[in-house]
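Keeping their order, the protein sequence lines are chains A and B. Quick note: the first sequence uses this note's numbering, first residue 1, plus one each step. Quick note: the second sequence uses this note's numbering, first residue 1, plus one each step.
Simulated from the structure, these hints should not be mistaken for lab results. From the three backbone atoms N, C-alpha and C, an ideal C-beta is built for every residue, glycine too. Take these hints with a grain of salt, some might be off.
Chain A residues, not near chain B, derived (Cβ > 12 angstroms throughout) [stated by the list, open to error]: (1) Q18; (2) Q19; (3) H51; (4) A108; (5) R186; (6) Q189; (7) D223; (8) A267; (9) T302.
Output of the computed footprint for chain A on chain B, the stretches with three or more beta carbons under 8 angstroms from beta carbons of chain A [stated by the list, open to error]: (10) 7–18; (11) 149–157; (12) 275–288; (13) 375–383.
DEER-style ranges, computed between Cβ atoms [claimed, not checked]: (14) B:Q240 - A:S338: 30 to 40 angstroms; (15) B:G139 - A:T197: 47 to 57 angstroms; (16) A:L194 - B:A376: 41 to 51 angstroms; (17) B:N328 - A:L194: 28 to 38 angstroms; (18) B:Q373 - A:E286: 41 to 51 angstroms; (19) B:E241 - A:T197: 43 to 53 angstroms; (20) B:Q310 - A:Q240: 39 to 49 angstroms; (21) B:P159 - A:Q54: 38 to 48 angstroms; (22) A:T197 - B:E356: 20 to 30 angstroms; (23) B:Q54 - A:S309: 55 to 65 angstroms; (24) B:Q22 - A:G384: 53 to 63 angstroms; (25) A:E286 - B:R186: 33 to 43 angstroms; (26) A:E286 - B:Q321: 22 to 32 angstroms; (27) A:S338 - B:E204: 31 to 41 angstroms.
Protein chains: 2
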Amino acid sequence: GIGCERGTSRQLIESAIQQVCQAHQFAEGSIAGIATLDLKADEAGILKLCHDRQWPLQCFTAEQLRSVSVPTPSDIVAEEVGTPSVAEAAAILASQGHKLRASSDLSASLRVAKTIVRQAGQPGAVTVAIAEAEQEYTGRSGRLWLVGTGPGELAQITPAAQTAIGQADVVIGYTLYIELVSALLRPGQIIEALPITQERQRAERAIELAQWGLTVAVISSGDCGIYGMAGLVLEQLQQQEWDGKTPDVQVFPGISALQAAASRVGAPLMHDFCAISLSDLLTPWEVIEQRLTAAAQADFVTALYNPRSQTRTHQIETAQQIFLKYRNSNTPVAIVRSVYRPEEQITLTTLAQLLETPIDMLTTVIIGNRSTQIHANKMITPRGYLGFGA
Amino acid sequence: GIGCERGTSRQLIESAIQQVCQAHQFAEGSIAGIATLDLKADEAGILKLCHDRQWPLQCFTAEQLRSVSVPTPSDIVAEEVGTPSVAEAAAILASQGHKLRASSDLSASLRVAKTIVRQAGQPGAVTVAIAEAEQEYTGRSGRLWLVGTGPGELAQITPAAQTAIGQADVVIGYTLYIELVSALLRPGQIIEALPITQERQRAERAIELAQWGLTVAVISSGDCGIYGMAGLVLEQLQQQEWDGKTPDVQVFPGISALQAAASRVGAPLMHDFCAISLSDLLTPWEVIEQRLTAAAQADFVTALYNPRSQTRTHQIETAQQIFLKYRNSNTPVAIVRSVYRPEEQITLTTLAQLLETPIDMLTTVIIGNRSTQIHANKMITPRGYLGFGA
């Protein structure tokens, strides 16, 4: 934090900073930047010094500065510029980064209270205060890249997504998905692999690191925008009253589970289709049932996500019962597990026999519409519509 | 087409073929392969000759051969092996490739009727007939690669799809999509760019070339398996009683229009969603209306494909009216045109104001569910379900 009289020279400001650093045993290399009052945004000595030393200059309004309680307030300064502290308050505010704390805690970061420095024969005066930031200062605006990694085979990950994973400072994701993209990672990246259940923690951690100025890739299998991490991260940013810019957010779409499954069984999605997750952890089961009924009745080709877990077993049975009310029992059904991976399993069956094939959380189920047919082991939904009224 | 007495030497068969070719001024290099009766599949002279000259040997059953009417049938041969013609009938059948014609037309391909060749002092006898194939013989089993090229930016095309386009002998697609992937094409490829309306012709042409033995990439924008060329090609193969193997078919999924649009506006597809095409060219409008009603009522996030063309203008208006019956008028709506291209246009609006933004065939419309919100110019559908009963 710097305050100075109008017209103070670059040289005096620099030597004041050096003098205070030396006195308190701070290396000059640890200076992340200079903070001051916005009235000083055109102060030639400060601007020249910041330019020469490549220190970012952050300016606060008098209103912002006077909200900070400081150890050494000055009535004279308050009268002149509208805040009782410039150097101390600016140093404290600049050290906070994006963290919002109760204002009573703010001054905890102050390491050196204000020192006034003058030099014989030189006009002007400089006040210097030093606050310490909790997080390393990167001088960059953070970025959040929300990346879909598709079914898990590198050849099915878009080049845009691959580049994002390779360029990010940090890659965050569920352990298995991190392993699947390990060939794209480079030395020096921060890799944070978290268990599958800790989705909220992954989103929070990603936002925290991006606010620090890092470029953070959050990876999701399939398309991160379809039941994936993209929404979770954006939801949490929204709760933090995100301004839409800091951090910058970019979504990289990927091949979703329903597309990957469809591509391996033929062309089932050639007519109107829907995706329904059978997980009732966050959605009331009656909503899911209503959607299953609507999809069955209106003859959508239907992809079921999260069809069964170790504890949720009845949902797929109910889904089958609902569809059997409106669709022929020999309606083609594809059951695809671990698609595009070495252990891939594909079963083409019928609505009536759907439960005879093992189904778990790694499985996607695609139920055809009234026109869908099986030919030569391919599931084909005609482009034209033959099934109405059938 | 070759027939021979049991034990005829390789040398005699070869010189018989050479003699007949010379007599009728056919170059030996134009021989695509040898065809005969399945009883001759173990005839040492034929096998050795085919091996040495790298001629494929195709064997037909007596039943297949006797179905062909030939100029020079023989009762003696018929009595011996169950078909009145071996050389002529086999030549004719082999020259057909995958083309199925009325059997009366079959013999049109015969160029040289059967000639019997013997050699003084040599045991055995050879009959030779020559038929001409309409298509160049490639000696390969064809492949059909159905490739999704995503929204049109190379960085959004999967490496698997890019490799397929670069490796194919033939690339077939709508002119604009061919241009978008022109950087992936290589010299020597056959490129067939066809107008947007000729989808059926594109599929037929692709199948024809694949049956010739070529590797044919059929490209579709978005995901070829979602309202794309994959289904059209499979449908036509099915009509031709395709055996599932010849040609081999592989589907390469791509980033679909709804995913591309979603990724640019935030994360609207975080809960159950559906895709509905408003084109009633091949689907009765009452089916589409039923699906719109089901989607609106059951609170699916809804992507509308083909929302409006120059001649179809009322459909999007009806869709809006249907949704307004079940959703709040300020439900967020994204209107995305030419996504990921330089001319991309993104509008976030509401269900009530949806028609105030220009909409055409290059536009995808995404209607949020009851929980979808706009924050900082991003469309966010929460993962949890807040909207039921609201």
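Each hint tested on the structure:
Residue-level check passed: A:Q18 sits 42 angstroms from the nearest beta carbon of chain B, beyond 12 angstroms. With a least beta-carbon separation of about 44 angstroms from chain B, A:Q19 lies farther than 12 angstroms from that chain, consistent with its non-interface assignment. With a least CB separation of 33 angstroms from chain B, A:H51 remains clear of the 12 angstroms interface cut-off, as annotated. No beta-carbon of chain B is positioned within 12 angstroms of the beta-carbon of A:A108; the least distance is around 31 angstroms.
Remark: the non-interface label on A:R186 is consistent with the geometry, its nearest Cβ contact in chain B lying 18 angstroms away (cut-off 12 angstroms). Annotated as non-interface, A:Q189 keeps its C-beta farther than 12 angstroms from every C-beta of chain B; the closest such distance is 20 angstroms. Here A:D223 does not stay apart from chain B, with its beta-carbon only about 5 angstroms from theirs, under the 12 angstroms limit. Distance to chain B contradicts A:A267 as a non-interface residue, since its nearest Cβ pair spans about 4 angstroms, not more than 12 angstroms.
At the 12 angstroms boundary, the C-beta of A:T302 falls inside the reach of chain B, the nearest C-beta of that chain being 9 angstroms off. Remark: the segment 7–18 of chain B is not confirmed as covered by chain A, as 0 of its residues place a Cβ nearer than 8 angstroms to a Cβ of that chain, below the required three. Counting residues of the segment 149–157 of chain B whose CB lies closer than 8 angstroms to any CB of chain A gives 6, so the stated coverage by that chain holds, three being the minimum. Given as covered by chain A, the segment 275–288 of chain B passes the check, having 9 residues with a CB less than 8 angstroms from a CB of that chain where 3 are the minimum.
With a cut-off of 8 angstroms between beta carbons, the segment 375–383 of chain B has 8 residues touching chain A; three or more are needed, and the interface restraint holds. Look at B:Q240 against A:S338: about 33 angstroms separates their beta carbons, and that is inside 30 to 40 angstroms. Range check, B:G139 to A:T197: about 55 angstroms between beta-carbon atoms, so the 47 to 57 angstroms window is met. Between A:L194 and B:A376 the C-beta distance comes to about 26 angstroms, which lies outside the given range of 41 to 51 angstroms.
At about 36 angstroms, the beta-carbon gap between B:N328 and A:L194 stays in the expected band of 28 to 38 angstroms. Checked against the given bound of 41 to 51 angstroms, the beta carbons of B:Q373 and A:E286, roughly 23 angstroms apart, lie outside it. The beta-carbon spacing between B:E241 and A:T197, approximately 50 angstroms, falls within the hinted interval of 43 to 53 angstroms. Checked against the given bound of 39 to 49 angstroms, the beta carbons of B:Q310 and A:Q240, roughly 45 angstroms apart, stay inside it.
Our hint of 38 to 48 angstroms for B:P159 and A:Q54 holds, since their Cβ atoms are close to 40 angstroms apart. At about 44 angstroms, the CB distance of A:T197 to B:E356 disagrees with the hint of 20 to 30 angstroms. About 57 angstroms separates the C-beta atoms of B:Q54 and A:S309, a value consistent with the hinted range of 55 to 65 angstroms. Taking the beta carbon of each, B:Q22 and A:G384 are about 55 angstroms apart, inside 53 to 63 angstroms as hinted.
Here the CB-CB span from A:E286 to B:R186 is close to 56 angstroms, at odds with the stated 33 to 43 angstroms. In this structure the hint that A:E286 and B:Q321 lie 22 to 32 angstroms apart at CB holds, the actual value being about 27 angstroms. Checking the proposed 31 to 41 angstroms range against A:S338 and B:E204 shows it holds: the Cβ atoms sit about 35 angstroms from each other.
The structure is inconsistent with the numbered hints 7, 8, 9, 10, 16, 18, 22, 25, although it conforms to all the rest.
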